[in-house]
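Construct the complete structure from the given sequences, taking the supplied hints into account.
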Amino acid sequence: MTYFTSWDEFAKAAERLHSANPEKCRFVTKYNHTKGQLVLKLTDDIVCLQYSTNQLQDVKKLEKLSSTLLRSIVTQ
Amino acid sequence: MSVEQHIPNDQFLQKLTAFYRDSKIRGPKSVYVTMKPYDGRTKAMPKGTGFKEDDEISCIFRAKWGSKKIATEVKAKEVNNFHSQYSAIIIAQMVNLEKRKKTDDDKKKSTGAAKA
Chain A
1 MTYFTSWDEF AKAAERLHSA NPEKCRFVTK YNHTKGQLVL KLTDDIVCLQ YSTNQLQDVK
61 KLEKLSSTLL RSIVTQ
Chain B
1001 MSVEQHIPND QFLQKLTAFY RDSKIRGPKS VYVTMKPYDG RTKAMPKGTG FKEDDEISCI
1061 FRAKWGSKKI ATEVKAKEVN NFHSQYSAII IAQMVNLEKR KKTDDDKKKS TGAAKA
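If you read the protein sequences in the order shown, they are chains A and B. Under the numbering used here, the letters of the first sequence match residues 1 to 76, in that order. Under the numbering used here, the letters of the second sequence match residues 1001 to 1116, in that order.
Hints are not guaranteed to be accurate.
[Unchecked claim] As a list, the in silico DSSO-like pairs of lysine-lysine whose alpha-carbon atoms are at most 30 Å apart:
| # | chain 1 | residue 1 | chain 2 | residue 2 |
| --- | --- | --- | --- | --- |
| 1 | B | 1099 | B | 1047 |
| 2 | B | 1075 | B | 1064 |
| 3 | B | 1069 | A | 35 |
| 4 | B | 1077 | A | 60 |
| 5 | A | 24 | B | 1036 |
| 6 | A | 61 | A | 24 |
| 7 | A | 35 | B | 1077 |
| 8 | B | 1047 | A | 60 |
| 9 | B | 1015 | B | 1043 |
| 10 | A | 60 | B | 1052 |
| 11 | B | 1043 | A | 60 |
| 12 | B | 1036 | A | 30 |
| 13 | B | 1043 | A | 61 |
| 14 | B | 1052 | A | 24 |
| 15 | A | 35 | B | 1029 |
| 16 | A | 60 | B | 1029 |
| 17 | B | 1043 | A | 24 |
| 18 | B | 1075 | B | 1052 |
| 19 | A | 24 | B | 1099 |
| 20 | B | 1029 | A | 61 |
| 21 | B | 1036 | B | 1069 |
| 22 | A | 64 | B | 1043 |
| 23 | B | 1015 | B | 1077 |
| 24 | A | 64 | A | 30 |
[Stated by the list, open to error] A few chain B residues that face chain A, going by a derived Cβ cut-off under 10 Å, partial list only:
| # | residue |
| --- | --- |
| 25 | 1028 |
| 26 | 1035 |
| 27 | 1038 |
| 28 | 1076 |
| 29 | 1096 |
If you are wondering where the hints come from, they were derived from the structure by calculation, not from laboratory data. We put the CB at the ideal spot given by N, CA and C, even for glycine.
Pasting the structure below:
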């Protein structure tokens, strides 16, 4: 599966996938300090969404997205 | 792989911070953090079994750095507290990323403003 190139598209697709199948969805963040790379992945084992970045500003956006996902995980 | 023991939230956050810190000084390994819904069961269920209606859904956090693994269960009422601590950690630790580069549009705007 290819990476998303824009954050907004990734975030929108992630929220849509999560609301379609909240039980199966898992959200993984992978941070590599040496490479200066952050990879985010959301999958329900059928569809896989990925986003890779090296931008500091995306950490703030990750904070927001993870909060949204976390809240919808416990309120499903 | 041994059975994962869930550790308390505060211990998990402490160890997670240590993972991020250690990954800076000890080698090129990545730190993985996974979150997924959890219904509290401890035994395997047949494939295809979903959550039951009356189950209380919590969120499980797992982190992995090299061969070290930790996991914790975040209950619904602790979510806000946990997330604010978690975001403080990622903002403090995910620092080796590039600061915002000016896009072409921004450059045009700033030079335009300088002229005007």
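Here's how the hints hold up against the structure:
no.: 1; hint: B:1099 with B:1047; result: violated (45 Å)
no.: 2; hint: B:1075 with B:1064; result: holds (21 Å)
no.: 3; hint: B:1069 with A:35; result: holds (21 Å)
no.: 4; hint: B:1077 with A:60; result: holds (23 Å)
no.: 5; hint: A:24 with B:1036; result: holds (8 Å)
no.: 6; hint: A:61 with A:24; result: holds (23 Å)
no.: 7; hint: A:35 with B:1077; result: violated (36 Å)
no.: 8; hint: B:1047 with A:60; result: violated (37 Å)
no.: 9; hint: B:1015 with B:1043; result: holds (26 Å)
no.: 10; hint: A:60 with B:1052; result: violated (35 Å)
no.: 11; hint: B:1043 with A:60; result: violated (37 Å)
no.: 12; hint: B:1036 with A:30; result: holds (15 Å)
no.: 13; hint: B:1043 with A:61; result: violated (36 Å)
no.: 14; hint: B:1052 with A:24; result: holds (14 Å)
no.: 15; hint: A:35 with B:1029; result: holds (10 Å)
no.: 16; hint: A:60 with B:1029; result: holds (23 Å)
no.: 17; hint: B:1043 with A:24; result: holds (17 Å)
no.: 18; hint: B:1075 with B:1052; result: holds (17 Å)
no.: 19; hint: A:24 with B:1099; result: violated (34 Å)
no.: 20; hint: B:1029 with A:61; result: holds (24 Å)
no.: 21; hint: B:1036 with B:1069; result: holds (16 Å)
no.: 22; hint: A:64 with B:1043; result: violated (33 Å)
no.: 23; hint: B:1015 with B:1077; result: holds (22 Å)
no.: 24; hint: A:64 with A:30; result: holds (17 Å)
no.: 25; hint: 1028; result: holds (4 Å)
no.: 26; hint: 1035; result: holds (5 Å)
no.: 27; hint: 1038; result: holds (9 Å)
no.: 28; hint: 1076; result: holds (4 Å)
no.: 29; hint: 1096; result: holds (4 Å)
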